[in-house]
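Asks: Protein chains in written order, with the working numbering: chain A, 25 to 354; chain B, 30 to 277.
Among the clues, some could well be false.
Unchecked claim - Taking lysine to aspartate or glutamate and the DMTMM-like style, the derived pairs with C-alpha atoms no more than 20 Å apart in a straight line are: (1) Lys63(A) with Glu151(A); (2) Lys297(A) with Asp329(A); (3) Lys72(A) with Asp101(A); (4) Lys94(A) with Asp214(B); (5) Lys204(B) with Asp307(A); (6) Lys63(A) with Asp204(A); (7) Lys245(A) with Asp204(A); (8) Lys319(A) with Asp307(A); (9) Lys35(A) with Glu60(B); (10) Lys35(A) with Glu57(B); (11) Lys189(A) with Asp165(A); (12) Lys348(A) with Glu322(A).
Please keep in mind that the hints were generated in silico from the structure rather than gathered at the bench. These numbers were taken from a predicted model, which means no experiment stands behind them.
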Amino acid sequence: MKLFENNQTVKVGIFIFIGLLILMVTIFTLGGQKKTFAKTFVVNAYFKDVSGLQSGGNIWLSGVKIGTVKKISFQSDYQVQVTMHIENDAKEYIHKDSKAKIGSDGLIGNKIIIIYGGTPAAGHIVEDDVLSVENGLSTDDMLATLQVSNKNFEAITTDFKSISKKIDSGEGTLGALLNDPTIAVKLNETMTDLQLTVANLKVVSENSKYVISNFQEFSSKINKPGNSINDLVADTLMYSSINKSLTELRKAAGSVNQFAANLSTASGKLNDKDNAVGLLLNDPASAASMKNTLKNLETSSYKLDEDLEALQHNFLLRRYFKKKEKGKLD
Amino acid sequence: MDAFFGDIYSVAIFILQFFKEAFSGPFEFKEIVNQCYKVGSKSLALVSLTGLVTGIVFTTQSRPSLSVFGASSWLPSLVAIAVIRALAPLVTALIVAGKVGSNIGAELGSMKVTEQIDAMEVSGTNPFKFLVTTRIIATTFMMPVLILYTGFVGMMGSFLNVYQNESTSFPAFFKSAFSSIVFLDIYASLFKALCFGFTIGVAGCYQGYNAQNGTQGVGRAANLAVVISMYLIFIEEITIVQLINTIR
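Excised from the complex, chain A in its bound form (with noise of 0.2 Å):
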């Protein structure tokens, strides 16, 4: 007890307890980070190539930590076999069918395994199955890819080059656009024109706004109720009004139609010797005769006049016509 009342021991006391509690945090920040406490499961994959990949990488899915590597082996020719820990939080997030990949946490990170993909259908993973891989593009592969990029770039600048040469040269159209000064008089004329028309398009933009707008009007005021426009289009009893008159026009038409059809039936026969009409029309003998009776006829009518006016004047006849003189005069 003496000791303890010791300053000095006490001082001890706390410098260490205080050292000790810092060491204490720092392993369990540490091991809650590393996740050294959590349960986990083996999981294995075998790589042809893992790039690097170290024992402690990190294992993730869909970007967060669920492992870490725990042994890389080669298990037969160009065949890597990669232990896994993973958390068994994450058992339910991961399928048979899912994928792994080597990949890396930023542009010149370290190398960690990305697990992805999968169908629920598949199942939840389990205690020592094997993932498959995916062999992802290395370092070299990108920068392979990135050499044939760079080649096409030199090539598409090189045509650049020799375009730009072209046009500050004056030839061809873009050349002549930039370099004559004539092509950018009669451009900007041009585009004076443009601007005009633009501003007559502007005009005909808004008439055709107010020509909308009657429109909408005139089709509102059809489709009001009242007017016979709108009667004529919603009224069905109108319609088959009208309907009833087109087809009494259409048995008119027919009517007329036959009429014309039988007027020139009877034209036709008109234009025809075989009939009388028809002879008397067109035979010019006929005509000639007709004309020689009709004369013969005047001629006969004129001596019947003559006859019958002698007649009045007989003896037989005179007492009834002196009668009948005389009761017209009564």
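Once you've looked at the hints, dock chain B against the given chain A.
Replies: Below, chain B alone, put in the same frame as chain A:
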């Protein structure tokens, strides 16, 4: 050359005697606590200040290099690796070697040249157990604690600098810092601390316990205690780093 190998032999015997005395009673607990106070608590302020400055300066000097790659966000990881793996043990050991090692060398050297150690032997007290064993135990076991302090204060210094420049929050800083650290780094640092502490204690005690030629010998003992401790600390640092990298 003979003197060099003779010294190696003497040191080996000295270390063997330490282990013999350390594991045999009676144990000088009170003196051990007293030495722990001198080595640990008394060095805390100096070590903390050094750690804080180390953290701030290292962060400040590393920022431009990382900024070139747009990787300023890696500062916490970089500082954590540097401080916990190397700087905290090394800087602490050098500070303790300078402060405590010289103190032990001078103190024991004075006692030696003024024949106080001989007087202790005459009075029936085991001077090796009382003076040497307690000091070596104190330096050996206080060094890991001091390293923890240095590491913590160094990281806090780094955080202050990063917060001032990048406005990184406390949790984000330490999450990033610990993301690059593994348990092996902590164990390696603690192991290094034990080795450095033992080395400082042995070098200081050996030089002081074997001091000769009056007051000149005292000064020489104090000086050699610091110089030899520092040499050995660098050699141990290289060796342990290689050893840990083999395990890693």
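Asks: Each hint: holds or not?
Replies: So, going through the hints one by one against the coordinates:
1. Lys63(A) with Glu151(A): holds (12 Å)
2. Lys297(A) with Asp329(A): violated (36 Å)
3. Lys72(A) with Asp101(A): OK: Lys72(A) and Asp101(A) at ~9 Å, within 20 Å.
4. Lys94(A) with Asp214(B): holds (17 Å)
5. Lys204(B) with Asp307(A): violated (130 Å)
6. Lys63(A) with Asp204(A): violated (79 Å)
7. Lys245(A) with Asp204(A): At roughly 60 Å apart (the allowed maximum being 20 Å), Asp204(A) and Lys245(A) break the hint.
8. Lys319(A) with Asp307(A): holds (18 Å)
9. Lys35(A) with Glu60(B): holds (14 Å)
10. Lys35(A) with Glu57(B): holds (18 Å)
11. Lys189(A) with Asp165(A): violated (36 Å)
12. Lys348(A) with Glu322(A): violated (28 Å)
Consistency note: the structure conflicts with the earlier hints numbered 2, 5, 6, 7, 11, 12.
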